[in-house]
Amino acid sequence: MEPITAPIIDFTSLAPVLVLSVFAMMVLLVDLFIGRNKSVLVFISLVGLLCAAVSAFAKGTEIPVSSFNGAYIVDRLSIFFTMIFCMSSALAILLAVEYNKREGIRVGEYYSLILFCTVGMIVLASATDLIMIFLGIEIVSICLYVLAGIRRTDPKSNEAALKYFLLGAFATGFLLYGMTLLYGTTGSVKLATIAQLLNSGEVLAQPLMLLGVVLLVIGFGFKVAAVPFHMWAPDVYQGAPTPVTAFMAVGPKAAAFAAFYRLFAEGIPELAPTWQMTLSIVAVFSMFFGNLGAIMQTNIKRLLAFSSVSHVGYILIAVIAKDTLGSASLMFYMLSYAFMIFGIFGIIIILGRKGHENLELEHYSGLGFKHPLLALCMTMFMLSLGGMPPLAGFVAKFYIFQAALNEGFLWLVIIAVLNSAISFYYYLKVIVFMYMKEPIGEFKISLTPITLFVVAVGIIGTLELGIFPGPIIFLAQY
Amino acid sequence: MELLIFYPLAAFTVLLALGVVFNNSPIGSAVSLIAMMLGLSGIFIVLHAHFLAVLQIIIYAGAIMVLFMFVIMLLNLKGDDKAWKIRERNLYLSIMTGVMVLLALYKMIDKVLDTTFGEGADVPDTFGTTVAVGTSLFTEYVLPFEIASILLLAAMVGAVVLAKTKVD
Amino acid sequence: MLEQYLGVAILMAISCAIAIGMVTATTLLGPKRSFPDKDEPFECGESQIVSPYQRFSVKFYLVAVLFILFDIEAVFLFPWAVLYQRLGWFGLIEMIVFLLILGVGLMYVWVRGGLDWE
Chain W
1 MEPITAPIID FTSLAPVLVL SVFAMMVLLV DLFIGRNKSV LVFISLVGLL CAAVSAFAKG
61 TEIPVSSFNG AYIVDRLSIF FTMIFCMSSA LAILLAVEYN KREGIRVGEY YSLILFCTVG
121 MIVLASATDL IMIFLGIEIV SICLYVLAGI RRTDPKSNEA ALKYFLLGAF ATGFLLYGMT
181 LLYGTTGSVK LATIAQLLNS GEVLAQPLML LGVVLLVIGF GFKVAAVPFH MWAPDVYQGA
241 PTPVTAFMAV GPKAAAFAAF YRLFAEGIPE LAPTWQMTLS IVAVFSMFFG NLGAIMQTNI
301 KRLLAFSSVS HVGYILIAVI AKDTLGSASL MFYMLSYAFM IFGIFGIIII LGRKGHENLE
361 LEHYSGLGFK HPLLALCMTM FMLSLGGMPP LAGFVAKFYI FQAALNEGFL WLVIIAVLNS
421 AISFYYYLKV IVFMYMKEPI GEFKISLTPI TLFVVAVGII GTLELGIFPG PIIFLAQY
Chain X
479 MELLIFYPLA AFTVLLALGV VFNNSPIGSA VSLIAMMLGL SGIFIVLHAH FLAVLQIIIY
539 AGAIMVLFMF VIMLLNLKGD DKAWKIRERN LYLSIMTGVM VLLALYKMID KVLDTTFGEG
599 ADVPDTFGTT VAVGTSLFTE YVLPFEIASI LLLAAMVGAV VLAKTKVD
Chain F
647 MLEQYLGVAI LMAISCAIAI GMVTATTLLG PKRSFPDKDE PFECGESQIV SPYQRFSVKF
707 YLVAVLFILF DIEAVFLFPW AVLYQRLGWF GLIEMIVFLL ILGVGLMYVW VRGGLDWE
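First to last, the protein sequences are chains W, X and F. Take the first sequence: its position 16, counted from the start at 1, is 16 in the numbering used here, and no numbers get skipped. Plus 478 on top of the position in the second sequence (first one is 1) and you've got the numbering used here. Plus 646 on top of the position in the third sequence (first one is 1) and you've got the numbering used here.
Simulated from the structure, these hints should not be mistaken for laboratory data. Since this is a predicted model, take the numbers as computed values, not measurements. Backbone N, C-alpha and C define an ideal beta-carbon position, used for all residues, glycine too. One or more of the hints may lead you astray.
Part of the chain X face toward chain F, derived, beta carbon under 8 angstroms [unchecked claim]:
id: 1; residue: Ile-512
id: 2; residue: Ala-541
id: 3; residue: Thr-608
id: 4; residue: Val-609
Next up, chain W with everything else stripped away, as it sits in the complex:
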């Protein structure tokens, strides 16, 4: 019986995952032994996220580094996305502190689940292996199913969790089937090997592989909520507790896009003509249906859900563009989107109070007179989402369009610009409500410091990325 040689384990590459897993378990266990006051959990979680963010740079300047037989990579994309994840999870935790207290959600697992979810997201952004991508997606999804339904006494929350779970599990099936076909035709789960085999034309049974690619598009389409796989998004966004909705719209979506990009642009670039066409159609549909759906909504969370569907359309263009600029614009877009979304949801939380979440658009009427500063922030976020210069949304869109133009997708850019114009209709509708309608009833808002802090972070980020995008673009590109 000859011994088996030990595999090489690269701990420095894995540092953020290790750190965050340890902290997540710590939060889980500490929660068991403390009383009803969960502030210490918040503190541990935030420290953990900070440590994870710092440890993402453990590799120093020697990136990109591939480890674990090509299953895990530390490169520009993964580090940048790890930063986005840590930030968005931290903001989601901060948003939840006062919200949970107000709405009586006394579940300490909230924090550990967000940390576990972040572990999954980091794995997803760094995975270059189909198995790792699958595991990452599963960790993220399972945490999200639970988080969506964490308000157990609220039927809406239950509905959100159940819908998300059923459709998500179904989508996972598609994803797994797609991966199986990819593996079956190439005999490898490593993206690098698959790309190499495709490049040298050694892949037998190409049609089967194409079927696999189509199934992958369906699976990822569900996870990022692209049309026609977006049906779950409005209900889930509406039913989930507001901080979870904000989290869901940013972190996990960014993670899914990171894996999406890696799989398609790095794993199967040879098949680009085929999947670029498919994704273009999905992107165009997402933009149109997202915007048209949003126009008809009266509930702010549903409106934002449809708006996020249309944003998925824009972001897909970055995946389609696939070269360096494509990945850089993807990173920049997700970062600016994170600031905008957390800012908006912060304001939504402030406007609600115990038992009355005030989610209808008419509850916003007259906000401009009563609380001009809040209304101003909301206006800026809305304009930024629409893509108004000089705010972050504009630069992000501009950047994506540039990437698409470089690859010769002029028609896609034209459609996207048209859609941005349409989207202003409903973003402006919110602003019209705030400034041009009489208030219905009194505003009883919950101005709480931590939530205000999140809004401030959102505003600063939106302005900074809009006015001085240079440094971040530099980080994203080089």
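Given the coordinates of chain W, assemble chains X and F onto it according to the supplied hints.
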């Protein structure tokens, strides 16, 4: 020789899978599913994946089916399960979707039929044994193995959060 | 390679034969004197004819889910147990890390009361 075993097994499995779909009572469906899992595990054996075949029985036919049964008992569908209520609007949509899927499948099969498949690689007898699986699990795939434990942990937390009757 | 399974096939055939044989043998050989009291499965206790559709408590569900999770965990132990001599120290460490992570889960479930029936 292997094909002689494979085809009856595959036919048996497909038939039982159809049984799952067309059975009128949920319990009947679940029992068909168990039998189908057994068929699948037989197919794994024909494919030299012995360890997987055993797992299929332990995990699917054993543990997961128990969960299915509990859920069926929990939902306690009485009589409502006899006929699926189909809404008219959905009926047209379903037919449309079905036709589209069939067309797509036809196109796919049409294309696949033209492709030449290589001769299957010769698989050594030890290909799917516990030893072989373990060796790659603990060396090449050690990272997915450890990450899987995080996944299980997250699932455990989720199950307790959602299903524990008194969380306070 | 399929010859290896000959033993398994024979075993299955014999066990099926015994099961079927027992049932046939009792029906053929057993005395058949029936009267109402004997036909009852139990002579006392609960009423025997009830609907099988009893609603189960959600508690069963939690037990079943936890069972699956720990079952999957146990499955990972099989290949390690077969290989542990050849894997040496690193295999042991890998397994300890794996079990520690799930041990945290077990501790959580335990303290949280997931294993209590009430």
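Q: Return the status of the interface hint for Thr-608/X: holds when the least beta-carbon distance to chain F is below 8 angstroms, violated otherwise.
A: This hint holds: Thr-608/X lies near chain F, its Cβ roughly 5 angstroms from the closest one there, short of 8 angstroms.
Q | Given hint Val-609/X near chain F, where the shortest CB pair must fall under 8 angstroms | A | Cβ of Val-609/X sits 6 angstroms from chain F, so the hint holds.
Q: Let me know if the C-beta of Ala-541/X comes in closer than 8 angstroms to any C-beta of chain F, holds or violated.
A: holds (4 angstroms)
Q) Against chain F, is Ile-512/X within 8 angstroms by beta-carbon distance? A) Hint on Ile-512/X: violated, closest Cβ of chain F at ~15 angstroms, above 8 angstroms.
Consistency with the previously given hints fails for number 1 only.
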